[in-house]
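Go by the hints and put chain B onto chain A.
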Amino acid sequence: MKQKSKQSMTATIVLAAVFALVILLEQVIKPTDPAAMLLTVLKKGSVYALVAVSMNLLNGFTGLFSLGQAGFMLLGAYAYAIFTIPAADRATVYRYYDCVVNFSFPEVFGNAIGGLGFILGWIIAVILAGLVAAGVAFLIGLPVLRLKSDYLAIATLGFAEIIRAIFQWGRLGPVTNGSNPLKSYIRLNSFQLRLGDFTLSLTTFVPMLMAAVCIGVIIMLVNSSYGRAFKAIREDEIAAEAMGISLYKHKQLSFCISSFFAGVGGAMLAMFAGTVQANNFKAAMTYELLLIVVLGGIGSISGSCIGAMLFIAASEWWLRGLDSGVFMGIQAPNVFRNGFRLVVFSVVIMAVVLFFRKGIMGDKELPDLVRRIRAKLGGKQKAGESNG
Amino acid sequence: MAENVLRLEDVTMQFGGVVAVNNLSLEVNRGEIVALIGPNGAGKTTAFNCVTGVYEPTNGRVSLNGEVIVENHPQAKMKALYKGENQGKYTAVVSHTPDKITQRGIARTFQNIRLFGALTVFENVLIAKHMRAKQNVFSATFRFNAKEEKRMRDEAMALLEEQNLAHLRDATSSSLPYGLQRRLEIARALATGPSMLLLDEPAAGMNPQETQELTDFIRQIREHYKLTIFMIEHHMDLVMQISDRIYVLDFGRLISQGTPAEVQSDQRVIDAYLGVADDAED
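The listed protein sequences derive, respectively, from chains A and B.
According to numbering that gives the first Met the number 0, the first sequence is numbered sequentially starting from 0.
According to numbering that gives the first Met the number 0, the second sequence is numbered sequentially starting from 0.
I should point out that these hints are in silico values taken from the structure, not numbers from a laboratory.
This one's a predicted model, so the numbers in the text were calculated from it and none came from an experiment.
Quick reminder that beta carbons are idealized off the backbone N, C-alpha and C, glycines included.
There may be inaccurate statements among the hints.
Below, computed lysine-lysine pairings styled on DSSO-like, alpha-carbon distance capped at 27 Å [unchecked claim]:
1) A:Lys248 <-> B:Lys78
2) B:Lys133 <-> B:Lys149
3) B:Lys149 <-> A:Lys5
Calculated from the model, a selection of chain B residues having no Cβ within reach of chain A, i.e. all distances over 10 Å [unchecked claim]:
4) Thr90
5) Ala132
6) Asn144
One chain only, chain A, in its complex shape:
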């Protein structure tokens, strides 16, 4: 127990240091610097990390192979956007429809209480995004969770595609704006604090904090009694049921919680991208997430986070040069231009999967790794202690 509290102390200190560094970098790096890509990667990476972890909760910890993540992100993104577009901008956003939702939470609360009310309204909109996704997950879970493995994957994949089609349906235009994008809602760029002459930019800090809080909750869930029940279901459904664990109840629980965080992740993606359009939430997005989960290690939360950051960094930043023909200072012939990035990327991924059969982290977490390295460095004496 003592060791555990020491561990969480260390984790808190490391996390606080990282956040302080991020805030500092944000003030120093100008948008035109090449290093600004780092901030973009951190923003998008935290979105993907959160959704990948939520997917891992389902696929890695409960053993339910679901491919509906993009659908739940879409629900979250729309719910968030619809309820945060300022009333004044609604007419321009909903150019072709009569908008039915004519208020935004941040405005409602902002007008009532003031500055803090604005933030409160924004938090409510984010939570609502999660709740909408979780509510729909509950309804879908009723029939779908009776299916096993591949069948469940196909059913959830189908659901995600159906949701995407429904949200582009003209009849729902007054709510979803049909196939037109939603915009003008609160984006990451809105998080700039003006303190006199100095502007404190929090555009990277905010999504990272959101992801950290949500992932923290998922970690606590996984380590709780319910998390153990989920793992039992993953290991052996029949034995879990014989231990008095209701399969249906716990699968539904895991499915809804996972979808809740996918919804929050969708809201964050909306904040990052600046516009929301159903057409962007394709099955390819789910595959990217699945790739992150597998690369990071199925059943490892820190693996999903590391995987997400590496994936986004590679696809958005490090390998970008391949598309424009300049990579690490080498001018490539024309053949290797557009699309070459994806070729290299695929090769890298295959190499990673070949050399790390169980993903980067396997089913271990970062603290396990640190402990093992420390034991190795500390030599036999330390190793003897950890055995005792």
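Okay, now just chain B, sitting in the frame of chain A:
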């Protein structure tokens, strides 16, 4: 008078056209050790699965401490297909998922060990405590259930100590030797707080010495946890030593029942195990 804990009445399980368990009636009284034996494929495990809710029997009734926990009669297509007896005797349908039956106090082990392989010995036992814990997903996640969690951990640890498994608490359960895996599976079943324990071939794959240890172990847990034990077993040494009564199943039917001595001398049992020559020649 002996008090029925478990009671099976006319339990019939038909898969398609195959009657796996045919009209099985038996009772297990409080504190008894009762064995269900029979040649391979006699329907013993199927009978267990009917009791524990894994299968829904086609016809018949199972009650635990007087409460009906399973009842069914042939329905829909099965009405015409049904080959068993007592059709129409039962009209109610009582069906529970296995977890509900475990909650009512029947714990079981499996013929092929089913531990949560990637989890530790301690976690395996701890999971069995989840069912009776007073908590919900919010209180558990945000640790408002600290007292309950501590109680679960203490109880699980105490159980491991009683079973002499405490020194292995952090070992991965799939890494244990076979005999210990069996022990752990029984410990895990005990952790659900049962009044009745169903053991499906607990001595399978054990050598004579291990079997002897198991015999003592089963006696000891019956005393210690005030259990009623119903088991399937092939090791006749174990069965004859330990059982108060024995039921013999062959091709889904009950062919004999009684004390070990009675069953051993029953010609039908000998025939079932050794086979009967159709036309004996000298």
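Hints and how they fare:
1. A:Lys248 <-> B:Lys78: violated (32 Å)
2. B:Lys133 <-> B:Lys149: Roughly 12 Å separates the two Cα atoms, so the pair holds.
3. B:Lys149 <-> A:Lys5: holds (19 Å)
4. Thr90: holds (27 Å)
5. Ala132: It is violated; Ala132 of chain B is separated from chain A by about 6 Å at its closest Cβ, not greater than 10 Å.
6. Asn144: Asn144 of chain B is in fact no farther than 10 Å from some Cβ atom of chain A, at 7 Å.
Going through the hint list in order, the structure does not satisfy hints 1, 5 and 6.
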